[in-house]
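In case you want the letters, here they are:
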Amino acid sequence: MLKGKQSWIFENKPVIQSTGVSGGPFEGNGNLAKDFDVLHEDLWMGKTSYEQAHRVLLEEAAQTALQKSGRTAEDIQFLLAGDLINQITPSSFAARDLKIPYFGLFGACSTSMEGLALSSFIVNYNGAKNILTGASSHNAAVEKQFRYPTEYGGQKPPTAQWTVTGAGVALLTENDGTYRNTPYTTAATIGKVMDMGLIDPFNMGGAMAPAAADTIQAHFNDLGVDASHYDLIVTGDLGKIGRDSVMALLKEKGIYTDENKFKDCGLLVYKSDQPVQSGGSGAGCSATVLYGHLLNEMKKGTYKRILVVATGALLSPLTVQQGESIPCIAHAVSIEI
Amino acid sequence: MAKKKKTPQQKQYEQLEKQFETKRPVVKNCIKAFFVGGIICALGQLFSFLYIYFFHFTEQTSGNPTSATIIFLSMLLTGFGIYDRLGQFAGAGSAVPVSGFGNSIISAAIEHRTEGFVLGVGGNIFKLAGSVILFGVFSAFVVALIKTIVLMARGVM
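Going line by line, the protein sequences match chains F and C. Numbering follows the numbering used here, with no gaps: position 263 of the first sequence is 263. Numbering follows the numbering used here, with no gaps: position 30 of the second sequence is 30.
Isolated chain C (complex conformation):
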């Protein structure tokens, strides 16, 4: 990704063009993301309570069924063509919670259904989520490694 040096002419145009560019409404986007993201997380908390009170889950184990429920809902919304509109409105608010992860998987699966199940759905389902999984797992590994080394150094283990 070598960046080429810009010529003075290019720089001049870039400045001219910048003044016409519509800016992202960052503050408005943050507020929208805060509330939509908050609502999704509150919903998750609700499911979590339900799993603890009505099924035999504890606070530690209720995370998995809660994520699964939220992912299931986001997949339904994606399939019905609602989640992308929510995404345009909420931005990070609907992308950061686990529902955004579900959306990225199911949207790729739907998109590539026309190329068949093996090469289409199978080959492309993690097109967007793949890097999240890779770097998520890798960073978890690094953090766990650091924790282990620190604990060993302090002679706890």
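The following block holds chain F by itself, in its conformation from the complex:
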């Protein structure tokens, strides 16, 4: 049901029955290694190209989610997935092998919540019984496309972020009231594209912060709640600079947020001694952290109600070279248990 200007309420509370999370070597050495279902020691993952390895990540995450739920691919009506690679080929190629009717999504690093919001909407209105939704990224494949060759010895500034190698997939299903201690989605807010004129592609967090602030504000206005409604508000991949900026922006807008209840997936995923500059990023960042770590914590009882705000920078290497600024977007989904 539409609520306010740009939010949906999911009265039927679609259930996130199971999730699958895969990751690479850097994530295996990271902060949340135990929350990954599949971890690879090699970036190639037994394939001959990074793009193929990228596809493997999504396939494995999807298979894991299916296995955990006891369902097969035939039980799934739709797959909603996306990534950062040109023409989202890793997701589409994985969809070919999974043989599930497919919606390809592109919302850059906000794809995870774009997918979860749309899936919740479809399941809520009986458009499907079961949906798989997820997002993925592969560090080397993304670096190759957006920046320099992986082995190029360029120095990254401290504002840069490290693309997560990983995929997170969730299996969304109708809530028949039999699920206990299983998270479900209750609302979503779709963000609008914001451009604050920043042009530095090595400072995505700073560029994306206004989009996150705008979506959070819209969410609170539409639902008539404030920050205290949630045990945790977690952003997708803002990193250090983005998180500080969004906190300041919210304060400016008169929205009070508790520093301890405002986290960022990009800051959670790696250890502080890993050379990731400002934090993690990429479409797989919010997907792996939410579908792995955060949902596990919810099941343990750490959080009862969270708001996930995935942010995406809608740039391409071409627009950067042509001197265009970086438009950004953020989508929010609230999850309860």
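Treat the hints as calculated values from the structure; they're not laboratory data. The C-beta atom is built at its ideal place from N, Cα and C for all residues, glycine as well. Hints are supplied without guarantee of correctness; some may be wrong.
Just the calculated beta-carbon pair ranges, DEER-fashion [claimed, not checked]:
id : chain 1 : residue 1 : chain 2 : residue 2 : range
1  : C       : G122      : F       : Q87       : 20 to 26 angstroms
2  : C       : F141      : F       : P317      : 26 to 32 angstroms
3  : F       : N29       : C       : I146      : 52 to 58 angstroms
4  : F       : G46       : C       : G122      : 23 to 29 angstroms
5  : C       : Y53       : F       : Q87       : 54 to 60 angstroms
The hints should help you fit chain C onto chain F, whose structure is shown.
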């Protein structure tokens, strides 16, 4: 590359965001670049001496084999995945010497190997180094032209 005028709102945000931006440690980076770059150049000087003393090279001709050796070493380090880490540490120190040139070529070649030898390696090997070669050759041409004109004007030639 037309720069769009920023709205007051955008300017205001830019200022807010600036205070949270982690600054590049410029002085520290310069010191690191100075020492790493210096070490690479000292190594080059060593090779240069070796070529003069053990082979029949002179001070003028030892430059080519020295560059080739340094490029070869940087290619090995790139292939083993070490040079990009050195680059993150040293910045300009490992980018400016000829070893950085070698790294930019071989890293692009490795990266695009998956697209085949002709369109992948061949088409992309100079992706980064291409502009160095173009503008390097062009500026050498301009400098040589100026030198020639000056010498002609002074009636030396």
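Sort out which numbered hints this structure fails and list those numbers smallest first. Violated hints: none; all satisfied.
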